[in-house]
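Counting from 1, one number per residue, gives the positions in the sequence shown under the numbering used here.
Don't read these hints as lab results, they were simulated from the structure. Since this is a predicted model, take the numbers as computed values, not measurements. Built from N, CA and C at the ideal position, the CB exists for glycine as well. A few of these clues could be false.
[Unchecked claim] Straight-line alpha carbon distances no greater than 27 Å define the calculated BS3-like cross-link-like pairs of lysine-lysine that follow:
1) LYS186 - LYS290
2) LYS186 - LYS288
3) LYS220 - LYS287
4) LYS133 - LYS287
5) LYS186 - LYS30
6) LYS66 - LYS30
7) LYS69 - LYS25
8) LYS111 - LYS30
9) LYS242 - LYS211
10) LYS288 - LYS133
11) LYS153 - LYS30
12) LYS242 - LYS186
[To be verified] Beta-carbon label-pair distances, calculated as ranges:
13) ASN21 - GLU137: 25 to 31 Å
14) SER13 - GLN163: 15 to 21 Å
15) PRO292 - PRO198: 30 to 36 Å
16) ASN21 - PRO107: 20 to 26 Å
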Amino acid sequence: MPMQSPKLDEISSLIWQRFYNAYTKNILPKALLLTNPFGLVNATLIKKLHALLLCQQQNAPCLTCKSCKLVFNDAHPDITLISPNEDNASIGIELIRNFQTNLYLTPQLGKRRIVYFASLDSLTLPASEALLKIIEEPPEAVFIIGKSATTVKLLPTLLSRFQRWVLPFPNNGRQNYLAPEFYAGKSATFLSIMEALPSLIADLHSLVEDKICATALAEKWSEYHLLSLIEVLYCLFAEMVKLHYATQTPGAQDLGEKPHYQLYCLSQQLSLWSLLQNLAILADLSKKLKMPIALNSVLQLENWLQQIPKTL
Numbered sequence: 001m002p003m004q005s006p007k008l009d010e011i012s013s014l015i016w017q018r019f020y021n022a023y024t025k026n027i028l029p030k031a032l033l034l035t036n037p038f039g040l041v042n043a044t045l046i047k048k049l050h051a052l053l054l055c056q057q058q059n060a061p062c063l064t065c066k067s068c069k070l071v072f073n074d075a076h077p078d079i080t081l082i083s084p085n086e087d088n089a090s091i092g093i094e095l096i097r098n099f100q101t102n103l104y105l106t107p108q109l110g111k112r113r114i115v116y117f118a119s120l121d122s123l124t125l126p127a128s129e130a131l132l133k134i135i136e137e138p139p140e141a142v143f144i145i146g147k148s149a150t151t152v153k154l155l156p157t158l159l160s161r162f163q164r165w166v167l168p169f170p171n172n173g174r175q176n177y178l179a180p181e182f183y184a185g186k187s188a189t190f191l192s193i194m195e196a197l198p199s200l201i202a203d204l205h206s207l208v209e210d211k212i213c214a215t216a217l218a219e220k221w222s223e224y225h226l227l228s229l230i231e232v233l234y235c236l237f238a239e240m241v242k243l244h245y246a247t248q249t250p251g252a253q254d255l256g257e258k259p260h261y262q263l264y265c266l267s268q269q270l271s272l273w274s275l276l277q278n279l280a281i282l283a284d285l286s287k288k289l290k291m292p293i294a295l296n297s298v299l300q301l302e303n304w305l306q307q308i309p310k311t312l
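Turn these sequences into a full structure, and let the hints guide you.
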């Protein structure tokens, strides 16, 4: 039975059309970076891009050939996935060295190879420098695609080698960026914390309303994996930035589940400056946690949480 063409959301459809047009005109960049403030890029979109490049038929992506099926089953031998190590949540130079030799081998099923970086902003400095050397003279058959929430952490010379496509907010402003489909491929610890979103949102409400102190909340949250918690909180605050711009007051039904409506209410209690400032703090904390240094998780959380009421 032939595979049905996967459906894409509004923004992913725009990116797909742009990618497809560049492909048909033979002007695709050898290194492409997809970014948006949340670091969220639809997993189905990524697979469809891969299928287009690796499909064995003229009507690519046909979704029926061996290559397309392997892409959607995450089993294609000509796709190399580079993602952060679960232990330190960074992409070290060892991962770059491991795939470097394979880049110059003949593709197994077709004419191309793809290297996909699930979190390009997780590269360490040595890894960035090693990747830069590869991109400066990439093998003819290799396409490099990266995904990133921000370009602030990227080596400027490395960033200059990528063609950057920014994924904006959808026009209707109702896309829920906390929906599970946007986190396919994330770590088990990240996904488990995502399941606790209602509790996290309620805790933040209590903090802002002075019903719980930063010390007590930091102790409560210390049960979570700290880096994964920070990543979830970053996404949560990024979603609040979008909700802060809502042109009219949405009802709970418009936003879906009750916790998301509560998040909207919280976004209206905090100033835009506060939301953006907390995003910057969380991004900086995430960067520190990826460094090989020991940090007191409870103290790090407490220091950040103490600042939230002050930025109202």
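These are the hints, each one checked on the structure:
Between the alpha carbons of LYS186 and LYS290 the distance comes to roughly 16 Å, so the proposed pair stays at or under 27 Å and holds. The straight-line distance between the Cα atoms of LYS186 and LYS288 is roughly 20 Å, inside the 27 Å bound, and the hint therefore holds. Annotation: proposed proximity of LYS220 to LYS287 holds, straight-line Cα distance about 23 Å (limit 27 Å). Between LYS133 and LYS287 the CA atoms are separated by roughly 23 Å; this keeps the pair inside 27 Å, and the hint holds.
For the proposed pair LYS186 and LYS30, the alpha carbon gap of about 26 Å is at most 27 Å, so the pair holds. Between the alpha carbons of LYS66 and LYS30 the distance comes to roughly 24 Å, so the proposed pair stays at or under 27 Å and holds. For the suggested pair LYS69 and LYS25, the alpha carbons sit about 25 Å apart, so the restraint of at most 27 Å is met. Under the criterion of a C-alpha separation no larger than 27 Å, the hint pairing LYS111 with LYS30 is consistent with the structure, at around 14 Å.
With a C-alpha separation of about 26 Å, the suggested pairing of LYS242 with LYS211 holds against the 27 Å cut-off. Annotation: proposed proximity of LYS288 to LYS133 holds, straight-line Cα distance about 26 Å (limit 27 Å). With a C-alpha separation of about 21 Å, the suggested pairing of LYS153 with LYS30 holds against the 27 Å cut-off. Restraint check: the Cα-Cα separation between LYS242 and LYS186 comes to about 22 Å, which is no more than 27 Å; the hinted pair holds.
The hint said 25 to 31 Å for the Cβ distance between ASN21 and GLU137, and at roughly 27 Å that hint holds. The given range of 15 to 21 Å is respected by SER13 and GLN163, whose C-beta atoms sit roughly 20 Å from each other. Judged by the Cβ atoms, the range 30 to 36 Å given for PRO292 and PRO198 holds: they are separated by roughly 34 Å. Hint check: ASN21 to PRO107, Cβ distance near 24 Å, so the stated range 20 to 26 Å holds.
The structure is consistent with each of the numbered hints, conforming to all of them.
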